[in-house]
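Given these sequences and hints, build the entire structure.
Chains as they are written, first to last, in the numbering used here: chain Y, 1 to 440; chain W, 1001 to 1439.
Check each hint, because a few of them may be wrong.
As the list claims (entries may be wrong) - Keeping only pairs whose Cα atoms sit at most 25 Å apart, straight-line, the calculated DMTMM-like set for lysine to aspartate or glutamate is:
1. K1438/W x D160/Y
2. K1322/W x D160/Y
3. K1230/W x E43/Y
As the list claims (entries may be wrong) - Every beta carbon over 12 Å from chain Y, so not counted as near; a handful from chain W, in silico:
4. G1078
5. S1129
6. Q1149
7. D1183
8. K1194
9. R1348
10. E1371
11. Q1391
Hint data in this document are derived by calculation from the structure and do not stem from the laboratory.
For each residue, glycine too, the CB sits at the ideal point set by N, CA and C.
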Amino acid sequence: MQNKKFSYLKISMISINFLAVSFITLLIYITTKNICDQFIAREYLNSVSAIPWSPLRNIIVTLLLLCVMTLSYIVREFIYPNNNKVMYITLFIDLLISFVIIYFLNFNYNGILFLVIANVITYTKGTRGRYFLMLLSVAAILIADYELISINFNMYSINDYISFYDSATQQSLMAGYNTIISVNMILFIIYCISVIQNQRGTIDEVNTLYEKLSKANEDLQAANEQLKEYSKITEKMGETRERNRLAREIHDTLGHTLTGILAGLDACLTTIDIAPQETKKQLEMIAEVTRQGIKDVRRSVNKLRPDALERLNLESAIRKMILDIESMSNTHVTFESKVANLKFDADEEDTIYRVIQESLTNAIRHGKATRIWVYIESDNGEIVLTIKDNGVGCKDMKKGFGTRHIVERIQMLKGSVEFDGSDGFTVIARIPIRWGEEYD
Amino acid sequence: MKMSKKKYGIILGCAVFIMSLFTALHFIRKERQITIELGIFAGSNWDVANANSYVIIDKAIERFEREHKNVKIHYSSGILKRDYSEWLSQKLLLGKMPDVFMILSDDFNRFASLGVLKDLDKLIEKDPSFDREKFFTTTLLTGQYNGTQFALPYETVPTLMFVNKTLLQKEGIEVPDSDWTWDDFLDISQKVTKDTDGDGHLDQFGMYNYDWLDAAYTNGAVLFENGDNKISLVNEKVTQAVKFVKQLYDLNQGRKVTQEDFDSGKVAFMPLTFADYRTYKTYPYKIKKYLNFQWDCITLPAGPNGENISEVNTLLMGINSKTKHEKLAWEFLKLLTYDEEIQMDIFRYSQGASVLKNVTGSKEAEVILQEYMEESERVIDNELLSRVIEQGMVAPQFLRYREAVSLATSEIQVIIENDKNIDSSLKILQNKINEYLKQ
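What follows is the structure in structure tokens.
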């Protein structure tokens, strides 16, 4: 919309300049013809201080130059818009053309410079070239004034040609000429005002946008704060849920079992003196329930990842576990790792940790071992985990003695495990490791 | 968008190419044939009959075109002298000014001030073969405006004094020498002014048409300072001149001398131009006028403060300041004005004198002048002619000058006839003319 308005204004300015230049050159041409037809050329020469080079040539040259100027406007505006180089070249051409036209019109009309200034104002926003071109054009307007220049140079004057006619015609010609000049001036002023208004509109728009942006920024910050709150609450909620789950688990398994045991034991207390045989059976049942309870507890606890492994790396977690076991029993555990950096994927680490934990528990619980050796080494991309003890061993391997878990875990990682109970008890697990990039 | 830009670029390129092609063609055509436009008028500049008005020009053109193969020189024939100024002014207004053209003396100052004429000083400086000294100083001065040479002289005509030899012989008076004075002039006039048939009226006179201006010039008066639009009448030289003319006038006792008196051989002296002299002294015009007496030409008599000089009229030629063929125009102008062969033709085919000292002073010129005259006639001495031209007075060359001078002449006539106080009347007249010139 705005651009369209400017285009119309500029096209009007170009048209009025065409009109002005045609008016002057045609008036001179027609008047010259009249003078010659009336055979008063010599007399006319006495009343002028200069004459144009050639009236006909003036028409052709000035109108052609105006056409070139229009072409330069089209190139600048429509063919290569927003091209700085083209803009400066065409503006400079415009300025040169206007000088030539003014020269051909002998400074009788300098309104063409307003057109150049209007273009300079529009296109060269805030650049240094703008001030240079503006200064040049304004200086040209001041200098290119007929009254001023005609003091020093002989130049033809449009008034000389107008004064050839009778006074009525003179008046209408002067009126026409002055109207054209005034319209050009008015168009220029309207154009300047429009440009100023347009620039102010742009500033307002920028300010509004800036305000909107600030508000959006604030909103975003508030949302961020809220999100943090939410995340805290969610964390808390997770914790609570976990507690509830633990409570339920304990209640469901341990509570149930303990209640069963308590009821069984109460029954035993009443029957122990009357029917010791019955009581013995009863106690065996209680033991069975207790065993089942322990199994359940173990299962529940297994669902939670060991704390140590969560907090520490694998090696530290293993060492901590060993230290804990040594402090609780008389067993001495030796741990040796030939793998430089014990760092694997979470499930692998988990498995290694669990296998060691189970084996150690088994060695103490079933083998009554006093010394346990734990080795970790790598072989052909596999981790070979060896846990050996000096316990009683086991001639007849029975599943369920804590070995079932080990087998299951190792199988999940597509590894293999061997048990040897001939000399103490030895567990040799081979776990194929997905060597990640973390492994040096 | 990119495609359309490319298209625009191609269109623009084509336009530029076609335009440059046309320009190139234009220049090639120009190269092939150059036409120099020449502005001349028919007939004589000196208002005498001339049957050979284009002969010299045609000869010059033929020679120039022979020397410059691709050049044609064109002129419009048949423009009379009285129409020439208007014709040239129209050409000027329409922007079709000829490249080389004759300039009438009334037009010279106006054209020079309008910037129509090329500054020849620059061309002269660039041309080592050109020597200003070869021209008569007066004639060269005629082509100057504000000290700049804007035109070159083509033909020149001094004013001479016609002498009725038959009348003087009858009265037993010798034809005066070329260094005669006002006193001689007055003395002879007194002697010849008489009533020959005894009817009580004077019927033989000393002079016809000799006016205050002739007297002022021969008394060293300068009426117009160079570049100054003011006449100067209030000085001793002019006053002496007017008083002298009044003395001559008084001899006639109020009887007005006419051309008829002169033609019938009853007047001893009359100023006339060298062109008149040549026209009516040679065949065929000789038989039309002055048939019943013998006559000759001498210089004008010198006043107490002056010499035997007179006004020199020069026909000028200039170059259009906007000519496209500056060099050729200059060459052609030089051929017409500076070439001795062409200038010799002035004596052969025209009525004036050459503007070149070498030509006018040559034996050949004398032979040419003699050729058309009778054996017994004394031809004007070349040395004398050269001197008259060289020392002559140049009349200012603006339109108003003639009007101012004719105004002065008629007013002075009134002063003389009415016996007014000359000093105070001249003061009033000077103010009046300057007032007129200021307008």
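Right, here's what the structure says about each hint:
1. A hinted pair counts as satisfied when its Cα atoms are at most 25 Å apart, and K1438/W with D160/Y qualifies at roughly 20 Å.
2. Under the criterion of a C-alpha separation no larger than 25 Å, the hint pairing K1322/W with D160/Y is consistent with the structure, at around 22 Å.
3. This hinted pair checks out: K1230/W and E43/Y have alpha carbons roughly 22 Å apart, not beyond 25 Å.
4. Separation of G1078/W from chain Y is adequate, the least Cβ-Cβ distance of about 16 Å exceeding the 12 Å criterion.
5. Separation of S1129/W from chain Y is adequate, the least Cβ-Cβ distance of about 31 Å exceeding the 12 Å criterion.
6. Every C-beta of chain Y lies more than 12 Å from that of Q1149/W, the closest at about 19 Å, which supports listing it as non-interface.
7. The Cβ of D1183/W lies farther than 12 Å from every Cβ of chain Y, with a closest approach of about 43 Å, so its non-interface assignment holds.
8. K1194/W, annotated as away from the interface, keeps every beta carbon of chain Y farther than 12 Å; the closest lies near 48 Å.
9. For R1348/W, the shortest C-beta to C-beta distance to chain Y comes to about 32 Å, beyond the 12 Å cut-off, and the non-interface label holds.
10. Non-interface call for E1371/W relative to chain Y: holds, since the shortest CB-CB distance, roughly 39 Å, exceeds 12 Å.
11. No Cβ of chain Y approaches the Cβ of Q1391/W within 12 Å, the least distance being about 32 Å, so the stated non-interface status holds.
Checked against the numbered hints above, the structure breaks none of them.
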